[in-house]
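From just these sequences and the hints, can you work out the full model?
There are 2 protein chains.
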Amino acid sequence: MPAHEFPLPVALLIVFGSAKLVGEIFVKLRQPALVGEIVAGAIIGPSVLGWIAPNDTLKALSDLGVMFLLFDVGLQVKARELLKVGGTATLVATVGVIVPFFAGWAILRAWGAPQTEAVFVGASLVATSVGITASALSARGLLHEVASQIILAAAVIDDVLGLIVLAAVSSFATGHVNVLEIALTAGLATAFTVILAKWGTTAVNHVLPHFHSKAEAEEAQFHISLVLLFALSALAMYTGVAAIVGAFLAGLALSENADARVRDLTRGVNELLVPFFLVGIGLHLDLSLFRTRSTLILALLILAAAIVTKLIGCGLGAAGMGWTNVVKIGMGMVPRGEVGMVVAQMGLSMAVISTEVYGVVVFMAVATTLVTPLLLKVAFRAPVLENVEV
Amino acid sequence: MPAHEFPLPVALLIVFGSAKLVGEIFVKLRQPALVGEIVAGAIIGPSVLGWIAPNDTLKALSDLGVMFLLFDVGLQVKARELLKVGGTATLVATVGVIVPFFAGWAILRAWGAPQTEAVFVGASLVATSVGITASALSARGLLHEVASQIILAAAVIDDVLGLIVLAAVSSFATGHVNVLEIALTAGLATAFTVILAKWGTTAVNHVLPHFHSKAEAEEAQFHISLVLLFALSALAMYTGVAAIVGAFLAGLALSENADARVRDLTRGVNELLVPFFLVGIGLHLDLSLFRTRSTLILALLILAAAIVTKLIGCGLGAAGMGWTNVVKIGMGMVPRGEVGMVVAQMGLSMAVISTEVYGVVVFMAVATTLVTPLLLKVAFRAPVLENVEV
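First to last, the protein sequences are chains A and B. When we follow numbering that gives the first Met the number 0, the leftmost residue of the first sequence carries the number 0, and every step to the right adds one. When we follow numbering that gives the first Met the number 0, the leftmost residue of the second sequence carries the number 0, and every step to the right adds one.
Among these hints, one or two may not hold up.
[Said to hold, decoys possible] Under the rule of at most 35 Å between Cα atoms (straight-line distance), these lysine-lysine pairs were calculated in the DSBU-like manner:
| id | chain 1 | residue 1 | chain 2 | residue 2 |
| --- | --- | --- | --- | --- |
| 1 | A | K58 | B | K83 |
| 2 | B | K83 | B | K197 |
| 3 | A | K213 | B | K58 |
| 4 | A | K27 | B | K213 |
| 5 | B | K197 | B | K77 |
| 6 | A | K213 | A | K197 |
| 7 | B | K27 | B | K58 |
| 8 | A | K83 | A | K197 |
| 9 | B | K58 | A | K58 |
| 10 | B | K197 | B | K213 |
| 11 | B | K77 | B | K213 |
| 12 | A | K213 | A | K27 |
| 13 | A | K77 | A | K58 |
| 14 | A | K213 | B | K197 |
| 15 | B | K77 | B | K58 |
Rather than coming from a laboratory, the hints here were simulated on the basis of the structure.
And the structure:
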């Protein structure tokens, strides 16, 4: 832990500067820049130098960063294309939720953990962090491949499923399972996502030109886009899904309407804020937890399970699409990022997870995130794009 | 005070949405959008609706917003042009510091306040908040007028002078005046500002092309600009001047080097973050303080003094430049914004200022800020730009 908090400009300099420095080194080594930025977080964080620890301000910048990241990805894809792959994506998401859950649960039971702790670790393995995959695919210009579209759609569905699992697991931990409440949560989240994906673009295409023609302030189109972004992110939270799902759906709804200026201005925000999201992931890594051998072994087992079960589970869901696509999709669904951490944190605050197991889950989340862009680079090896940064 | 803190996306929606809504209404009424955004802050803040209160996250976004605002303004002006008006600007800044200080001190003494409190209120009237003026001039495309250049240069010098006054006043309040330390602070701050203004552009023009040719990551030029922005802001804080002075000097240093892409991406960040700075000013207004008549009278007296003394003081400094320029410059130096609040806050934490007088200073800071864009609109009335938002 750092001895003191830095003033804002110093913290910005350390976080942003180190992200771009290590990112540039990774690019020179023909490795994905975003992996470099996560590594930068691990270096300046408690694990190595201890200059920066997670705090409220960095958390806010990171949350804002991942919202804009998903918004930007949404802007780049068409809702129609995503809906076309909806069936496959649902299958990919569902099987990709079931397999990791039971694998995580089984490993913890075999390790001797109590029932509730095992269930929580299983739940933490469920939800894919769409941010990392989306960022890697977007940076390589691959968002329009069918496999990418399935990954994006599946990751969104996955988040809804993860929410249902989390609701079920939490009520299981408190001892009173309220089926009606879980069903209500599930219904609300599903309705929100489906309605926006299906009719969001049409609604925006009808309503927005009206606003644009009336607004007189400069850059009004960008302001209206941001208001929609914040509104849907907030609404998403109230329906229970992650704010970033709302951000993605906002981008999706605007994808046919937003002009080049809106995209450029969004890009500016992303260039500033996304490093805070990536560094934030690295900051959470705390290797000091692995001083006992048994924890280290558990961590490696859980990490292996996290990778293999998504590969197999999501791959199975996409079985009909040919070997190449199966591998791409399976790998794209591997990163757990912040979603797994949130589940583990909830378990920690409910005192059903030990700090040791919490550390293991965080390690799994960071490690799957680090490894995914590298896996994707191999899976999507496109000769033309070989030298482009991921 | 709000009963609870909103989740991030909801807070963003309320702050950003209300800023843009009230801003748009002001534009429709042919009033400056930025005044609307400050008013939005007063409406959603503790004064009226009480939805949002200042907190750490909003403070960070606001600080980042004003840094980017000054950075953007710096990008738009040339250091050479600012240095040309350096003599006049120094005179404007100096007389514009002396007159308000003694006026504030005299009013408080006449009101019956103790010596230290009067000195602190005098000090809080000293420094111009360059953010508001710069934003108003920039939005109207007036940054290249001679009067604007003098205002910008004087506001920067003013900040250095304000720092010296603050150092002197603080040591006066603690009872042991350390002349050597004050001189050291003054020297360091002056050296930092002068060196960067004089040689910053040349240094950047020499060094940056070297970096640009080597960097391979996408948007590397923007990343390098941001690193310079954060580095100079941090350095400014350590030499004692405000971070925003460093941000301005960073923009100034880059003003010949930055291409259209860097400016567009910076604009995107500004469009998102500057409203948080403006709303943040409005949030600080708390009208409930003025229930006693004597406080209300004091507040109006201080407000009048704040406006008149800068008009006269800065006008005197620019006396040789013709009546029109004298009025423009005097009005441009009126807003105190966050700088006055910081002095008052320090007085409050040192227990030499009462909460009542603190409220008066905050009121003065917000009110001068609200009134300046309106004054500037009149002073800079340029027929061609008549309908452009300020």
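Quiz item: What are the numbers of the hints that this structure violates, sorted from low to high?
Solution: Hints 1, 12 and 14 contradicted; others consistent.
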